[in-house]
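Asks: Sequence:
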Amino acid sequence: MKRWLLAVIAFSLVTSGCSRYKGISEPTEKDNKTEESQQSTEESGQSTEAEAGKLPVEVSAKPGKKPVKVKGIYISGYMAGSEGLQAILDKIQGTEINAVVIDVKNDDGRITFAMADAPTVNEIGATEKYIKDIDSLMAQLKARGLYTIARVVAFRDPYLAEKKPEWALKNKDGSLHRDNKGLAWVNPYRTEVWDYLVEVGTEASKVGFDEVQFDYIRFSTDSSMKQVVFDEKDTRGRSKTDIITEFIQYAYDKLSSRNVFVSADVFGTIIGSRVDAEAVGQIYQEMACHLDYICPMIYPSHYGDGNFGIDHPDMEPYRTIRAALKLSRQDLESARVAGKQQAIVRPWLQDFTASYLEHHITYGAKEVRAQIQAVYDAGYDEWILWSASNRYTWDSFLSREAAKEEAEKLARIRETEATSSVPAEVSTEVPTKVSAEAPTEAQTVGEEERTEKSLEGSTAAETEQETKKENKKKTRPKPDVVIVTTGGLRD
Numbered sequence: 049m050k051r052w053l054l055a056v057i058a059f060s061l062v063t064s065g066c067s068r069y070k071g072i073s074e075p076t077e078k079d080n081k082t083e084e085s086q087q088s089t090e091e092s093g094q095s096t097e098a099e100a101g102k103l104p105v106e107v108s109a110k111p112g113k114k115p116v117k118v119k120g121i122y123i124s125g126y127m128a129g130s131e132g133l134q135a136i137l138d139k140i141q142g143t144e145i146n147a148v149v150i151d152v153k154n155d156d157g158r159i160t161f162a163m164a165d166a167p168t169v170n171e172i173g174a175t176e177k178y179i180k181d182i183d184s185l186m187a188q189l190k191a192r193g194l195y196t197i198a199r200v201v202a203f204r205d206p207y208l209a210e211k212k213p214e215w216a217l218k219n220k221d222g223s224l225h226r227d228n229k230g231l232a233w234v235n236p237y238r239t240e241v242w243d244y245l246v247e248v249g250t251e252a253s254k255v256g257f258d259e260v261q262f263d264y265i266r267f268s269t270d271s272s273m274k275q276v277v278f279d280e281k282d283t284r285g286r287s288k289t290d291i292i293t294e295f296i297q298y299a300y301d302k303l304s305s306r307n308v309f310v311s312a313d314v315f316g317t318i319i320g321s322r323v324d325a326e327a328v329g330q331i332y333q334e335m336a337c338h339l340d341y342i343c344p345m346i347y348p349s350h351y352g353d354g355n356f357g358i359d360h361p362d363m364e365p366y367r368t369i370r371a372a373l374k375l376s377r378q379d380l381e382s383a384r385v386a387g388k389q390q391a392i393v394r395p396w397l398q399d400f401t402a403s404y405l406e407h408h409i410t411y412g413a414k415e416v417r418a419q420i421q422a423v424y425d426a427g428y429d430e431w432i433l434w435s436a437s438n439r440y441t442w443d444s445f446l447s448r449e450a451a452k453e454e455a456e457k458l459a460r461i462r463e464t465e466a467t468s469s470v471p472a473e474v475s476t477e478v479p480t481k482v483s484a485e486a487p488t489e490a491q492t493v494g495e496e497e498r499t500e501k502s503l504e505g506s507t508a509a510e511t512e513q514e515t516k517k518e519n520k521k522k523t524r525p526k527p528d529v530v531i532v533t534t535g536g537l538r539d
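As numbered in the numbering used here, residues 49 to 539 make up the sequence shown, in order.
The set of hints was computed from the structure by calculation and includes no laboratory data.
C-beta: ideal position from N, C-alpha, C; glycine also.
Do not take every clue at face value.
As the list claims (entries may be wrong) - Here are the computed lysine to aspartate or glutamate pairs in the DMTMM-like style, where the Cα-Cα straight-line distance is at most 25 Å:
hint : residue 1 : residue 2
1    : 180       : 131
2    : 288       : 156
3    : 212       : 290
4    : 302       : 282
5    : 212       : 243
6    : 281       : 227
7    : 211       : 171
8    : 212       : 165
9    : 288       : 247
10   : 113       : 144
11   : 211       : 156
12   : 229       : 406
13   : 414       : 381
What the hints assert, rightly or not - Pairwise CB distance ranges, derived in the manner of DEER restraints:
hint : residue 1 : residue 2 : range
14   : 177       : 282       : 30 to 40 Å
15   : 456       : 282       : 48 to 58 Å
16   : 307       : 281       : 31 to 41 Å
17   : 211       : 385       : 23 to 33 Å
18   : 138       : 183       : 19 to 29 Å
19   : 449       : 181       : 31 to 41 Å
20   : 279       : 141       : 50 to 60 Å
21   : 448       : 410       : 24 to 34 Å
22   : 171       : 447       : 46 to 56 Å
23   : 447       : 190       : 17 to 27 Å
Given the sequences, and given the hints that come with them, work out the whole structure.
Replies: Have a look at this one:
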């Protein structure tokens, strides 16, 4: 039966044009110097010509489930179950925000609401009931017309690793492996972990979430990983990138049958970077073949000085986001196959001030809007904002009426793109360098909250340490691309 199943999976990959074990070509000397590709559009739930001669993008159909062009924000499990949620929902009212991403399985591996039909969740006692009444919460969100996304943190799961050490990463001496924060990770090669994640996603779909979004769908990347031993009976010759893509396909097949969309968060730096892709186990094009949405985390603060030829990316949000998404388009265009599924790109953007960086600016309405504009100018239509503290720059959002006008303008531009070999620009004036402005209420937080966590969980203080280490290592002229990520890829 196992051989038959593997044969079916292999045939599926070949016919889909997404070869899981395809070799990765060597990166060019200057990734960010590639020529501007002609831009295409990705209309949610439809196949349209991105530009003359380009192949269509398709997203798998969900019976009775209408795709939504998401403009969303992240809400932690704690906030979702607190009195503070009402204030957020009231501020959302009347704005262009139409979606919320809510923790269902958080960074600590805890499940945020009770799941009656989740045997493993209940066996290990993973539930921490931040959300006391999930049915009431979902009813309220639906009544407000919000699209709901369940965030499920995948392989960084200290709770599951402690409760099921046989499913965890192990060091050479047999001890439980812990990263540089002291947190244990589960082993992506263990199919029991896959089933656990699908179990959580299934329960999220049952209570009414429209989409299951996996985060930390990767391997740990700090230097201590050199001590980890992988059993050949688990790996069976498969690389990190092989197994992450295989899990994506497995989870997608299981969950999409439940009439729920499936998405995954990925490091922005894996796009166009073979080194980063292999370190975390994420190959952008391959993952996009097995998802409805792929969500690169392209916060300007996460790119090192010199990336994309920009001296200080955090200080130029428009140029940084535009460059990252240009690379995304090039990457996906090269892997596109006629008539086959390719995920819609929905990037994560930054709504926090990276005060831990030597060269940074205060992020307010102007900076947030510059990022959103860059998304549109790159030919994409969706975005989600990250603020670990759930403090958002509310005056950066358009009213629903203004957003409707903007959407109509975008639709006309996309139509022009579809019939022209020359990509159209959404804006007639391209922002250049964005200057700092006085901090808004959203940024005036206590010192302890200024060390905000990124979507991938690293604190600003830790990122600052990594940056300092990198600066000490620079003994030669600055390269064209310097990648600084929250996962410590350069350790």
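Asks: Are the Cα atoms of residue 414 and residue 381 separated by 25 Å or less?
Replies: Distance ~31 Å between residue 414 and residue 381 Cα, so the pair is violated.
Asks: Residue 211 and residue 156: Cα distance at most 25 Å?
Replies: holds (13 Å)
Asks: Determine whether the Cβ-Cβ distance between residue 448 and residue 410 falls within the hinted range of 24 to 34 Å.
Replies: For residue 410 against residue 448, whose Cβ atoms are near 27 Å apart, the range 24 to 34 Å holds.
Asks: Could you check the hint for me, namely that residue 449 and residue 181 are 31 to 41 Å apart, CB to CB?
Replies: Since the Cβ atoms of residue 449 and residue 181 sit about 33 Å apart, the hinted range of 31 to 41 Å holds.
Asks: Given the hinted pair residue 302 and residue 282, is their alpha-carbon gap at most 25 Å?
Replies: holds (21 Å)
Asks: Looking only at beta-carbon atoms, does the pair residue 138, residue 183 fall within the given range of 19 to 29 Å?
Replies: holds (21 Å)
Asks: Does the beta carbon distance between residue 177 and residue 282 stay inside 30 to 40 Å, or does it fall outside?
Replies: With Cβ atoms ~33 Å apart, the hint holds.
Asks: Check whether the Cα positions of residue 281 and residue 227 lie no farther apart than 25 Å.
Replies: Roughly 24 Å separates the two Cα atoms, so the pair holds.
Asks: Would you check the hint for residue 212 and residue 290, treating anything up to 25 Å between C-alpha atoms as holding?
Replies: Roughly 24 Å between the alpha carbons, so the hint for residue 212 and residue 290 holds.
Asks: Mind checking the alpha carbons of residue 180 and residue 131 for me, to see if they're no more than 25 Å apart?
Replies: holds (12 Å)
Asks: Starting from residue 212, check that the Cα of residue 165 is at most 25 Å away, please.
Replies: Judged against 25 Å, a Cα distance of about 19 Å means the pair holds.
Asks: Need the status of pair residue 212, residue 243: alpha-carbon distance at most 25 Å?
Replies: Satisfied, since the Cα-Cα distance of roughly 14 Å is no more than 25 Å.
In terms of the numbered hints stated before, the structure departs from hints 13, 17, listed from lowest to highest.
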